[in-house]
Amino acid sequence: MADYRAPRDDMDFVLHDVFNVAADWEKAPELAEMMDVETAGAILDEGAKVAENLVAPLAREADEEGVKFEDGAVTTPKGYKENFRQLAEGGWVGVTANPEFGGMGLPKSLSAQYEEMLCSADIAFSLYPGLTSGAIMAIDSHGSDELKNHYLPRMVSGEWTGTMCLTEPHAGTDLGIIKSKAIPSEDGSFEISGTKIFITGGEHDLVDNIVHLVLAKLPDAPAGTKGISLFVVPKFLSDSEGNLTERNAVSCGSIEHKMGIHGSATCVMNFDGAKGWLVGEPHRGLPAMFTMMNYERLGVGIQGLGAAERSYQNALEYAKDRIQGRGAKATRNDNAEADSILVHGDVRRMLLTMKALTEGGRAFSTWVGQQLDRSKYSQDDAVRQKADAMVALLTPVAKAFLTDTGLESTIHGQQVFGGHGYVREWGQEQLVRDTRIAQIYEGTNGIQALDLLGRKVGGSRGELLKPFIEEIATFLQGISGNSNWSGEVSTLQQSLQDLTRISEELLQKAATDENLVNSVAVEYLHLVGYISYGYMWLRMAVAAEEKQAEKPYLASKIKTARFYFARIMPRTHALLGAIKDGSESLYLHDDEQF
Numbered sequence: 001m002a003d004y005r006a007p008r009d010d011m012d013f014v015l016h017d018v019f020n021v022a023a024d025w026e027k028a029p030e031l032a033e034m035m036d037v038e039t040a041g042a043i044l045d046e047g048a049k050v051a052e053n054l055v056a057p058l059a060r061e062a063d064e065e066g067v068k069f070e071d072g073a074v075t076t077p078k079g080y081k082e083n084f085r086q087l088a089e090g091g092w093v094g095v096t097a098n099p100e101f102g103g104m105g106l107p108k109s110l111s112a113q114y115e116e117m118l119c120s121a122d123i124a125f126s127l128y129p130g131l132t133s134g135a136i137m138a139i140d141s142h143g144s145d146e147l148k149n150h151y152l153p154r155m156v157s158g159e160w161t162g163t164m165c166l167t168e169p170h171a172g173t174d175l176g177i178i179k180s181k182a183i184p185s186e187d188g189s190f191e192i193s194g195t196k197i198f199i200t201g202g203e204h205d206l207v208d209n210i211v212h213l214v215l216a217k218l219p220d221a222p223a224g225t226k227g228i229s230l231f232v233v234p235k236f237l238s239d240s241e242g243n244l245t246e247r248n249a250v251s252c253g254s255i256e257h258k259m260g261i262h263g264s265a266t267c268v269m270n271f272d273g274a275k276g277w278l279v280g281e282p283h284r285g286l287p288a289m290f291t292m293m294n295y296e297r298l299g300v301g302i303q304g305l306g307a308a309e310r311s312y313q314n315a316l317e318y319a320k321d322r323i324q325g326r327g328a329k330a331t332r333n334d335n336a337e338a339d340s341i342l343v344h345g346d347v348r349r350m351l352l353t354m355k356a357l358t359e360g361g362r363a364f365s366t367w368v369g370q371q372l373d374r375s376k377y378s379q380d381d382a383v384r385q386k387a388d389a390m391v392a393l394l395t396p397v398a399k400a401f402l403t404d405t406g407l408e409s410t411i412h413g414q415q416v417f418g419g420h421g422y423v424r425e426w427g428q429e430q431l432v433r434d435t436r437i438a439q440i441y442e443g444t445n446g447i448q449a450l451d452l453l454g455r456k457v458g459g460s461r462g463e464l465l466k467p468f469i470e471e472i473a474t475f476l477q478g479i480s481g482n483s484n485w486s487g488e489v490s491t492l493q494q495s496l497q498d499l500t501r502i503s504e505e506l507l508q509k510a511a512t513d514e515n516l517v518n519s520v521a522v523e524y525l526h527l528v529g530y531i532s533y534g535y536m537w538l539r540m541a542v543a544a545e546e547k548q549a550e551k552p553y554l555a556s557k558i559k560t561a562r563f564y565f566a567r568i569m570p571r572t573h574a575l576l577g578a579i580k581d582g583s584e585s586l587y588l589h590d591d592e593q594f
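Take 1 as the starting number for the sequence shown in the UniProt record's numbering and just add one per residue.
Please note that the accuracy of each hint is not assured.
List of simulated lysine to any residue pairs, SDA-like, C-alpha gap at most 20 Å [unchecked claim]:
1) Lys68 x Phe198
2) Lys466 x Gly478
3) Lys275 x Glu186
4) Lys320 x Gly419
5) Lys559 x Arg348
6) Lys148 x Gly242
7) Lys258 x Ile197
8) Lys148 x Asn98
9) Lys559 x His344
10) Lys386 x Met293
11) Lys27 x Glu38
12) Lys386 x Arg461
13) Lys376 x Lys386
14) Lys179 x Leu286
Derived CB-CB ranges, DEER-like [as the list claims (entries may be wrong)]:
15) Thr173 x Arg384: 26 to 32 Å
16) Glu514 x Glu281: 32 to 38 Å
17) Pro552 x Glu281: 52 to 58 Å
18) Lys81 x Val423: 27 to 33 Å
19) Arg424 x Gln593: 38 to 44 Å
Worth flagging that the hints you see were computed from the coordinates, not collected in a lab.
Here a beta-carbon is modelled for each residue, glycine too, at the ideal position from N, C-alpha and C.
Generate coordinates for the entire structure from the input sequences, incorporating the hints supplied.
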């Protein structure tokens with residue numbers, strides 16, 4: 001596997017030349033004094049060193065070794081514990097955390113770049129600080145001052161880690177039927193009992209204490225999701241100074257043996273009357289969890305993006321070095337026995353597809369991160385309201401489309417390697433295995449699609465779609481005089497019209513066809529995804545033209561934009577055809593005919 005090199009130039013280009021995020025930072029009192037272009041660059045440069053030199057070198061060996069489970073204890077791969085300690089000492093666990101508790105407080109548009117680097121380096125390792133960040137956010141948003149002051153400084157510093165305990169053996173997506181119970185105690189705590197499965201980092205040896213956030217039901221809980229409460233349940237209890245005392249009644253029953261992310265401990269966790277404390281209001285656990293879901297789902301999408309970037313780097317290096325076959329006469333090296341496979345059209349197709357999807361995905365994740373920042377920090381009510389709407393609409397797209405295209409890119413990379421991409425020796429197959437889970441956890445991509453079409457677009461009667469369409473239409477109008485991109489502008493304008501029309505048709509037909517939304521949601525999400533990337537590529541192309549004189553490497557950006565519109569954007573036509581079919585072809589078969 002090629003040595004990982006963080007794409008720092010492209011990250012800076014997207015942040016500052018395309019989206020001008022520093023202008024937003026200047027308007028936010030919480031960010032203005034701590035963040036500017038130079039500071040952001042310095043942070044990402046250091047983050048790149050962490051990813052390239054600390055995390056990436058262990059990824060292959062960690063995958064080979066995996067985690068080990070014995071007598072209820074989990075041992076992580078060699079070097080993980082030391083690397084996590086260095087990561088924590090550098091402040092990298094709390095990059096987005098509240099500075100009040102020792103965090104960096106980075107805006108999401110910036111932290112997204114660091115998260116991508118960490119995921120490119122080793123997805124499995126990235127999950128330990130990643131889940132901790134999510135738990136930190138939930139406690140900070142909904143916990144009492146007592147809980148925040150006790151747990152957050154130690155979690156932000158990386159002294160303790162965190163988990164999210166949602167899924168049960170019988171309840172995955174349908175959390176309303178969970179069976180975990182919380183019985184009130186006289187001291188104000190609760191006794192938590194139940195079993196949770198698929199818990200990332202539920203048990204490990206990286207730190208001395210693990211803080212579990214557990215969904216459970218109180219005795220008087222109403223039925224369904226409205227009866228779920230959220231609790232902090234630590235592995236070890238601690239005194240007022242944070243010193244660990246006795247072991248809590250929580251244990252790891254087993255670990256999963258998985259297709260990928262072998263360095264990440266995926267645990268079955270048993271709570272046997274464990275002491276826990278309520279986070280937020282009773283029966284309001286799910287809304288508390290959803291506070292951090294927008295951030296976490298973008299984070300899972302970035303896992304797909306990080307793997308895609310690593311795949312592209314691997315495949316490009318291999319394609320340049322692999323000598324096999326002869327190119328066309330115009331590209332042939334007559335002084336060599338054979339040419340590199342980079343001369344072959346099909347190899348170029350795969351490499352450019354990876355490049356277009358990865359760089360488009362980086363821009364998209366940054367754009368969504370910018371919306372999250374505006375929603376959190378903007379002083380302008382109109383800006384904040386628009387950002388809220390954009391976040392609601394684009395969060396499921398960020399999770400699902402980035403991971404779907406991420407897997408596609410890792411498979412393209414594997415294909416470039418040929419047989420060498422299928423064997424362990426070259427390491428490319430690890431990316432395929434590690435990326436696959438990102439389409440499943442944090443809500444499967446099918447569930448994300450249902451959320452987009454059924455809840456966001458359908459639930460708002462199309463209102464949430466309007467800011468998205470209006471922003472792109474306004475941009476296209478602004479560059480309509482640029483003759484260099486007239487064809488691409490026309491293509492994207494037509495796609496917006498198609499999206500508007502098909503959305504209106506679906507809203508009308510769904511009133512009489514209860515199977516419709518479930519039948520076309522994935523295609524609809526992909527349609528929104530490709531349109532979003534088209535918008536990203538036009539924004540990048542225009543910015544690249546303006547900056548090309550001082551940054552000659554941007555000539556490649558302009559050419560990749562052409563490729564995207566010529567070879568990838570046409571996928572929208574097939575998606576529209578499938579959406580128009582509705583539910584009809586899916587329900588022709590009787591159950592016994594499958």
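The hints, checked one at a time:
{"no.": "1", "hint": "Lys68 x Phe198", "result": "holds (16 Å)"}
{"no.": "2", "hint": "Lys466 x Gly478", "result": "holds (18 Å)"}
{"no.": "3", "hint": "Lys275 x Glu186", "result": "holds (12 Å)"}
{"no.": "4", "hint": "Lys320 x Gly419", "result": "holds (17 Å)"}
{"no.": "5", "hint": "Lys559 x Arg348", "result": "holds (13 Å)"}
{"no.": "6", "hint": "Lys148 x Gly242", "result": "holds (12 Å)"}
{"no.": "7", "hint": "Lys258 x Ile197", "result": "holds (13 Å)"}
{"no.": "8", "hint": "Lys148 x Asn98", "result": "holds (11 Å)"}
{"no.": "9", "hint": "Lys559 x His344", "result": "holds (18 Å)"}
{"no.": "10", "hint": "Lys386 x Met293", "result": "holds (19 Å)"}
{"no.": "11", "hint": "Lys27 x Glu38", "result": "holds (17 Å)"}
{"no.": "12", "hint": "Lys386 x Arg461", "result": "holds (17 Å)"}
{"no.": "13", "hint": "Lys376 x Lys386", "result": "holds (12 Å)"}
{"no.": "14", "hint": "Lys179 x Leu286", "result": "holds (15 Å)"}
{"no.": "15", "hint": "Thr173 x Arg384: 26 to 32 Å", "result": "holds (30 Å)"}
{"no.": "16", "hint": "Glu514 x Glu281: 32 to 38 Å", "result": "holds (34 Å)"}
{"no.": "17", "hint": "Pro552 x Glu281: 52 to 58 Å", "result": "holds (57 Å)"}
{"no.": "18", "hint": "Lys81 x Val423: 27 to 33 Å", "result": "holds (30 Å)"}
{"no.": "19", "hint": "Arg424 x Gln593: 38 to 44 Å", "result": "holds (41 Å)"}
In this structure, none of the earlier numbered hints is contradicted; all agree with it.
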